[in-house]
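Chains as they are written, first to last, in our numbering: chain S, 1 to 225; chain Y, 1 to 222; chain U, 1 to 316.
Possibly wrong hints are sitting among the right ones.
Derived lysine to aspartate or glutamate pairs resembling DMTMM-like cross-links, with alpha carbons at most 20 angstroms apart [claimed, not checked]:
#, chain 1, residue 1, chain 2, residue 2
1, U, 299, Y, 4
2, U, 82, U, 249
3, U, 156, U, 122
4, U, 311, U, 300
5, U, 124, U, 197
6, U, 243, U, 164
7, U, 209, S, 121
8, U, 299, Y, 14
9, U, 243, Y, 4
10, U, 238, Y, 4
11, U, 251, U, 164
12, U, 124, U, 224
13, U, 172, U, 249
14, U, 85, U, 269
15, U, 201, U, 176
16, U, 201, S, 15
17, U, 238, U, 154
18, U, 209, S, 15
19, U, 180, U, 154
20, U, 180, U, 167
21, U, 156, U, 249
22, U, 180, U, 202
23, U, 251, U, 197
24, U, 293, Y, 4
25, U, 307, Y, 14
26, U, 265, U, 88
27, U, 209, U, 197
In short, the hints are calculated from the structure, not lab data.
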Amino acid sequence: MNWLNWLSDFFSAPDHRSGPDSIVHRVSEHLLLSGEALLYAALLAVPLGLLIGYTGRGVTAVTALAGAARALPTLGLVTLAVLLAGVGDTAVLIPLVALAAPPLLVAAVEGVRGTDPDVRDAARGIGLTHPQVLWQVCLPSSAPTLLAGFRTATVQVIATATVAAYVGLGGLGRYVIDGLATRQYAVTVGGALLVVLLAVGAQLFFTLLARFALPPGVRAQRRAR
Amino acid sequence: MDDEPIVRWYWIGDHLGYLGNLLADHAVIALLPVLIGLLLAVPLGLACARFPRLYQPLSAVFNIVYALPSLAVFVVLIPYTGLATQATVMIPLTFYALAVLLPTTVDGLHAVPDSVRQAATAMGYGPWHRLTTVELPAAVPYLIAGLRVAAVSSISLASVGALVGRGGLGYLFVDGFQRTFPTPIVAGIVLIAVLALAVDLLLVGARRLLAPWAVREKGAGS
Amino acid sequence: MSTIKKSRRAVLLGTLAALALGASACGSSGDSNPLGGGSTAAASGGGATAGGGSGSTVVIGSANFPENVLLGSIYSQALKAKGVKVEEKFNIGSREVLYGQLQSGNLTVLPEYNGALLAYLDPKSTAVTTQDVNAALAKTLPASLGLLDSSPAEDKDSLSVSQETADKYGLKSISDLAAKAGEFTIGGPPEFKSRREQQFKDVYGLTFKEWKPTADTTANALKDGGIQVGNVFTTDPKIVQYKLVPLSDPKNLFGAQNVTPLVNKSGLDANATAALNAVSAKLDTAGLTALMKRVAIDKEDPSTVAKDWLKSNGLG
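With these hints in hand, go ahead and build the complete structure from the sequences.
Here you go:
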C-alpha cells in the first residue's frame with residue numbers, strides 16, 4: 001500500500017531523523033508551544049472562574065463572553081499578532097491562549113457551581129473561611145469538571161498550534177505547510193498524523209487522570225450523579 | 001510595522017462591497033456544512049439512541065475527527081476536490097459540525113425520562129408518533145445548544161481555508177499579512193465575530209420559538 | 001460532560017477505525033502522488049476548463065505573494081479588455097502546487113518567472129541569460145504547456161542581509177559569505193531549502209548553520225535578527241523599508257527572472273495570446289517595483305493598480 005510507503009518515507013527521511021527538522025524536535029516544539037499556551041490560559045482562567053463561580057456574580061456575562069471568544073479566528077489573531085508584535089512565540093501564544101481560556105473558564109465556573117450547596121453550608125458551619133471553603137471544598141469537588149475542561153482545551157490547542165507554521169514558526173504545522181508548498185504529500189500526512197496522535201494522547205492522559213488521580217470521594221460522587 | 005496604523009478607516013469605507021461579498025461567501029462556506037451536519041446528526045443520533053453499542057465507537061471516531069488539524073485535512077483533500085474550491089473546505093467542516101452535533105443529539109434523545117416515554121406508549125403512541133411528538137421536541141434545546149457551538153466554531157474555522165485558496169473572510173488575513181497591512185485583518189476578525197454573534201442570536205431566538213419551556217440553557221455547556 | 005466517561009478502549013477503537021478509513025480512502029488513489037495529479041479535481045473543481053477553443057473561460061492563477069497577485073490581476077484585466085471570459089484564482093499556493101494545476105487544465109495562465117521555473121523543472125540547468133533560459137524551458141516544458149513572450153521586468157531572488165550585518169562583516173556579494181555561513185541562519189520560503197541548498201554548496205561552497213522556513217516573514221526576521229541571511233525578492237519594497245542589502249551574485253546562481261506568462265496551450269486562443277504578449281512588451285522592472293510600492297506600501301488594491309497601469313499603457 002503506497003500510503004504506508006509514504007509514511008515510512010516520512011519517518012525515515014534523514015532530515016526527519018535529526019536536526020532542526022527532525023520529528024523529535026518538531027514534536028517537542030509543538031508540545032512546548034501548546035503547554036505554554038495552556039499554562040497561561042490556566043493561570044488566567046482558572047482562578048477567575050473559581051472566583052466567579054463561588055460568588056455567583058457575572059456568570060451570565062462570562063458564559064456569553066466565552067461563547068463569543070470561540071468565534072475569534074485563530075488565523076486572524078496570529079497574523080495580526082505577528083504584524084503588531086513581530087515574529088516570535090508571543091504571536092502564536094496570544095491566539096492559543098484565547099482559544100484555551102474560554103473552556104477552562106467555563107469549566108471552573110461550572111465546577112464550583114456544581115458543588116453541593118449543603119456541603120458548602122456545612123463547611124461554613126464548621127468555621128471555614130470563604131477562601132478555605134473555596135480552596136478545600138469547592139476546588140476538589142470541581143476537579144472532574146476542570147479536568148474535562150482541560151481536556152477540551154488541550155485537544156483544541158494541539159490541533160490549532162499547526163497554524164503557527166503559516167507565520168514561519170516551528171511545530172508540527174511545519175510538515176503540513178511545507179508539505180503543501182513542496183507538494184510532498186507524505187510530509188503533510190505524516191505531520192497531520194503526529195498531531196492527531198498528540199491530541200489523542202492528551203485525551204487519554206486526561207481521561208486516565210480523571211479516573212485514577214482524583215480523590216476517591218469526588219470520583220464516587222460523579223458516579224452517583 | 002513602523003508607522004502603519006492598525007486601521008486605515010478609509011480602506012474599509014472604500015471596500016464595503018468587497019467585504020460584503022467575502023462575508024456572504026464566508027457564511028455559505030461555514031454554515032452550509034453545519035446544516036448538512038445537522039441533517040446527518042439526527043438520523044445518526046437516533047440510530048445511536050436505539051443501538052447504544054453503536055455510540056461508543058462512533059463518538060470515539062468523531063473525537064479524533066475533532067482533533068484533526070483543519071489545515072492538514074484541507075491539504076489532503078485537494079487532490080480529490082480541487083485547489084481553491086468550496087468542497088475542499090466544506091467537507092471537513094461538515095465532519096467537524098457532526099462531531100459536535102452527534103453527542104448533543106444523543107444527549108437530547110436520552111433527556112426524555114423513561115416514565116414519559118412509557119406514558120406516551122401507554123397512551124397509544126406508535127414509535128414514529130412518539131419520536132416526532134415527544135422525543136424530538138424534547139431534544140430541541142440540546143440540538144440548538146449543539147448548533148450554537150458548531151456554528152460558531154465553523155465560522156471561525158472556515159477562515160483557515162484561505163491557506164488553500166478558499167476561506168471567505170480568511171482571505172483578508174492572508175492578504176493583510178502579506179502586505180503588512182493590519183486593516184483587512186482587523187476587518188476580517190470583526191466581521192467573523194459579528195457573523196458568529198448574529199447566528200448565535202438567531203439560534204437563541206429559534207430556541208425561544210421551538211422550545212419555549214427551556215428557559216435556561218441546557219446541555220453542551222463547555 | 002458525559003464524555004469524560006469514555007473508556008480508553010473506545011478511544012483505541014476509534015483510532016483504529018480512523019486509520020482504517022484513512023487507509024482505504026487513500027488506497028484508491030493509485031501510485032502517483034495525489035498532490036501532483038489533479039485529474040480527479042477537474043470533475044468537481046469549480047470552473048475547470050480543460051477543453052480549449054474560443055469562448056471558454058480562461059482561469060488565471062497566482063502564487064501566494066502580492067506581486068504575483070498583481071501580475072495575475074494585470075493579465076486578467078488585459079484579457080477582459082479584449083473580451084476574453086476570465087476567472088481568477090489568486091493567492092492559492094507555491095509554484096509546486098500551481099504547476100500541477102496548470103498541467104491538469106484547472107488553470108490556464110500563470111504569471112511565472114522564467115529562471116525560477118527552469119530551476120524547478122531542471123535543477124541542473126546552467127542557463128543564466130534570458131535567452132538561454134527560455135530556450136532551455138522550451139525544451140523542458142511538456143507539450144501541453146508553453147511560455148509566451150518574456151517581459152523585461154525581472155524579480156530576482158536575492159540573498160539579503162541587514163545593513164548592520166553587511167557593515168559588520170563587510171558583506172557585498174554572496175561570495176563574501178563563505179567565512180561566516182557556518183554561523184548564519186538562512187531564511188526563505190518553505191520550498192527554498194529543497195530548491196537551493198545543494199546549489200549554494202556547489203556554486204559558492206556555502207553550508208549554512210540552519211535553514212528556517214520564514215515564508216512571508218523573511219524580511220521581518222532579517223530586521224529582527226531571527227535570521228542573518230534571507231531570500232528576499234529584488235522588487236520587494238521591504239528592502240527599502242527595512243534597509244536590507246541584497247548581496248550581488250557574481251556567479252549567477254540566481255539567473256534571469258523575467259516575468260513571463262506560462263500557459264496551458266489548449267485553453268488559450270490567438271486573441272488572448274496577443275493580449276498577454278502586449279502586456280509583456282510594456283512591463284519593466286522599474287515599472288513593476290513602482291506598482292509594488294503602491295500595493296505593498298500604500299496598500300492599494302492590486303486590481304486598482306493593475307487597471308491604472310493597463311490604462312496608462314493603452315492596454316485597458
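Here is how each hint holds up against the structure:
The hinted pair formed by residue 299/U and residue 4/Y meets the criterion: a straight-line CA distance of about 10 angstroms does not exceed 20 angstroms. As the CA atoms of residue 82/U and residue 249/U are separated by approximately 40 angstroms, the hinted pair breaks the 20 angstroms bound. Proximity of residue 156/U to residue 122/U is assessed by CA-CA distance (about 18 angstroms); at most 20 angstroms being required, the pair is judged to hold. With a C-alpha separation of about 16 angstroms, the suggested pair residue 311/U and residue 300/U falls inside the 20 angstroms cut-off, and the hint holds.
Pair hint residue 124/U plus residue 197/U holds up; C-alpha atoms about 13 angstroms apart against a cutoff of 20 angstroms. Between residue 243/U and residue 164/U the CA atoms are separated by roughly 9 angstroms; this keeps the pair inside 20 angstroms, and the hint holds. Note on residue 209/U and residue 121/S: the hinted pairing is violated, with a Cα-Cα distance of about 64 angstroms set against a maximum of 20 angstroms. Using a Cα cut-off of 20 angstroms, the hinted pair residue 299/U and residue 14/Y holds, with the two alpha carbons roughly 12 angstroms apart.
Of the pairs offered as hints, the one joining residue 243/U and residue 4/Y holds, with about 17 angstroms between alpha carbons and a cut-off of 20 angstroms not exceeded. Proximity of residue 238/U to residue 4/Y is assessed by CA-CA distance (about 13 angstroms); at most 20 angstroms being required, the pair is judged to hold. Under the criterion of a C-alpha separation no larger than 20 angstroms, the hint pairing residue 251/U with residue 164/U is inconsistent with the structure, at around 24 angstroms. For a cut-off of 20 angstroms, the pair hint linking residue 124/U to residue 224/U is broken: about 34 angstroms separates their Cα positions.
Straight-line distance between C-alpha atoms of residue 172/U and residue 249/U comes to about 9 angstroms, which keeps the hinted pair within the 20 angstroms bound. Note on residue 85/U and residue 269/U: the hinted pairing holds, with a Cα-Cα distance of about 12 angstroms set against a maximum of 20 angstroms. Proximity of residue 201/U to residue 176/U is assessed by CA-CA distance (about 14 angstroms); at most 20 angstroms being required, the pair is judged to hold. With a C-alpha separation of about 17 angstroms, the suggested pair residue 201/U and residue 15/S falls inside the 20 angstroms cut-off, and the hint holds.
For the proposed pair residue 238/U and residue 154/U, the alpha carbon gap of about 17 angstroms is at most 20 angstroms, so the pair holds. At roughly 14 angstroms between alpha-carbon atoms, residue 209/U and residue 15/S fall within 20 angstroms of each other, so this suggested pair holds. As the CA atoms of residue 180/U and residue 154/U are separated by approximately 29 angstroms, the hinted pair breaks the 20 angstroms bound. Using a Cα cut-off of 20 angstroms, the hinted pair residue 180/U and residue 167/U holds, with the two alpha carbons roughly 14 angstroms apart.
At most 20 angstroms may separate the alpha-carbon atoms for a hinted pair to count; residue 156/U and residue 249/U meet this at roughly 11 angstroms. Of the pairs offered as hints, the one joining residue 180/U and residue 202/U holds, with about 17 angstroms between alpha carbons and a cut-off of 20 angstroms not exceeded. Proximity of residue 251/U to residue 197/U is assessed by CA-CA distance (about 16 angstroms); at most 20 angstroms being required, the pair is judged to hold. This hinted pair checks out: residue 293/U and residue 4/Y have alpha carbons roughly 14 angstroms apart, not beyond 20 angstroms.
Pair hint residue 307/U plus residue 14/Y holds up; C-alpha atoms about 16 angstroms apart against a cutoff of 20 angstroms. With a CA separation close to 18 angstroms, the supplied pair residue 265/U and residue 88/U stays within the 20 angstroms bound. With a C-alpha separation of about 12 angstroms, the suggested pair residue 209/U and residue 197/U falls inside the 20 angstroms cut-off, and the hint holds.
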